[in-house]
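K.L.:
Each chain, written out:
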Amino acid sequence: MKQNKYLEDISEIKNMMSRSSRFMSLSGLSGILAGIYALIGAFLAKSNMDYYIYSSDSSEILTRTEFSQVYGFSALAIKLLIIAFSVILAATVTGIILTYNKAKKSGEKMWDVSSRRLLINFGVPLLIGGLFCFVLIQQEIAGLVAPTTLIFYGLACVNASKYTLGKVRYLGYTNIIIGLIATQFIGYGLYFWALGFGVFHIFYGALMYFKDEK
Amino acid sequence: MSLIDNINKAFDHRIRLGIMSILMVNDYADFKMLKEMLGATDGNLASHTKALEKEDYIKVEKQFIGRKPNTRYSATPLGKAAFTKHINALEKLIRK
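Heads up: the protein sequence lines correspond to chains A and B, in order. So that you can map any letter, position 128 of the first sequence is 128 in my numbering, and since no number is skipped, the others follow by simple counting. So that you can map any letter, position 48 of the second sequence is 48 in my numbering, and since no number is skipped, the others follow by simple counting.
Just so you know, the hints here were simulated from the structure itself, not pulled from any lab data. Some hints could be false.
Below, in silico cross-link-like pairs of lysine to aspartate or glutamate (DMTMM-like), each with a Cα-Cα straight-line distance of 20 Å or less [said to hold, decoys possible]:
#: 1; chain 1: B; residue 1: K80; chain 2: A; residue 2: D112
#: 2; chain 1: B; residue 1: K32; chain 2: A; residue 2: D112
#: 3; chain 1: A; residue 1: K14; chain 2: B; residue 2: E61
#: 4; chain 1: A; residue 1: K162; chain 2: B; residue 2: E53
#: 5; chain 1: B; residue 1: K32; chain 2: B; residue 2: E53
#: 6; chain 1: A; residue 1: K109; chain 2: B; residue 2: E53
#: 7; chain 1: A; residue 1: K14; chain 2: B; residue 2: D27
#: 8; chain 1: B; residue 1: K85; chain 2: A; residue 2: D112
#: 9; chain 1: A; residue 1: K105; chain 2: B; residue 2: E36
Between beta-carbon pairs, the in silico distance windows are [to be verified]:
#: 10; chain 1: B; residue 1: K35; chain 2: A; residue 2: S47; range: 15 to 23 Å
#: 11; chain 1: B; residue 1: N88; chain 2: A; residue 2: I97; range: 23 to 31 Å
#: 12; chain 1: B; residue 1: P77; chain 2: A; residue 2: K109; range: 52 to 60 Å
#: 13; chain 1: B; residue 1: K50; chain 2: A; residue 2: F134; range: 29 to 37 Å
#: 14; chain 1: A; residue 1: I78; chain 2: B; residue 2: Q63; range: 48 to 56 Å
#: 15; chain 1: A; residue 1: E140; chain 2: B; residue 2: P77; range: 27 to 35 Å
#: 16; chain 1: B; residue 1: A46; chain 2: A; residue 2: S106; range: 43 to 51 Å
#: 17; chain 1: B; residue 1: P69; chain 2: A; residue 2: L119; range: 20 to 28 Å
All residues carry an ideal CB built from backbone N, CA and C; glycine is no exception.
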């Protein structure tokens with residue numbers, strides 16, 4: 001009888017400690033889907049780039065639409081930007097929906113102290129990385145943009161991992177390493193992106209999903 | 001001396017157990033956060049924090065954020081030591 005009460009007390013203590021310091025409802029499935037979106041995006045980007053580079057009418061790569069003349073973008077750059085933003089949007093929306101569902105199931109609030117803290121600790125390094133990428137483009141060192149996004153994303157994951165599922169830390173380390181390797185292979189950024197954001201999201205997402213949610 | 005002696009009566013309630021657990025892993029927590037986490041009513045939570053404060057296990061700081069009063073709680077070193085002892089006692093009793 002008493003034994004049970006003590007056991008309950010201990011599990012309540014553990015539950016409160018982790019729930020008050022970590023946001024546990026992050027969905028592994030959303031990681032898998034984000035990785036798949038990233039791979040689709042990378043594939044579309046690659047085929048668009050090939051089309052512009054290898055198309056018989058090679059002058060097309062220099063063709064600027066009316067829109068692009070105004071804003072100074074090439075048609076390819078606009079397409080790539082659209083692809084990138086679609087991937088980010090799809091991944092974010094999926095992440096929010098799946099996390100909301102998981103939070104509801106486990107009785108955790110989606111928007112509470114722990115999720116706010118998680119978002120701040122994830123967002124700050126990411127934002128700084130984003131600004132730094134604009135500087136790289138401004139200084140015309142665009143080749144380093146892909147490695148930089150990977151490295152800062154990795155740092156954001158490592159920083160955020162203290163406040164959510166611990167495996168996010170390893171996703172972070174992996175992306176940092178891939179980013180550093182990518183600095184030595186400028187021009188192949190897309191492949192490293194597909195590996196870091198695509199393959200490893202799927203890998204760690206699946207690890208989280210099958211370990212914690214099944 | 002039996003093992004039961006290490007079980008601290010001050011922690012013998014779900015809400016107090018929760019308050020101490022939260023304050024062990026967070027530098028501080030305000031009233032609203034404790035309320036959200038523990039799902040307690042204002043009056044209920046206030047009486048339990050008062051009891052822990054009387055034992056010198058938690059420290060209460062009242063301050064203003066802008067014009068709103070804000071009450072912040074943190075665990076004292078004495079409270080942390082007492083709670084650790086309590087957890088150890090619980091674990092020993094379970095293993096018996």
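K.L.:
Checking against the hints above, which ones are violated?
P.N.:
The structure conflicts with hints 1, 3, 4, 6, 8, 10, 11, 12, 13, 15 and 16, although it agrees with all the remaining ones.
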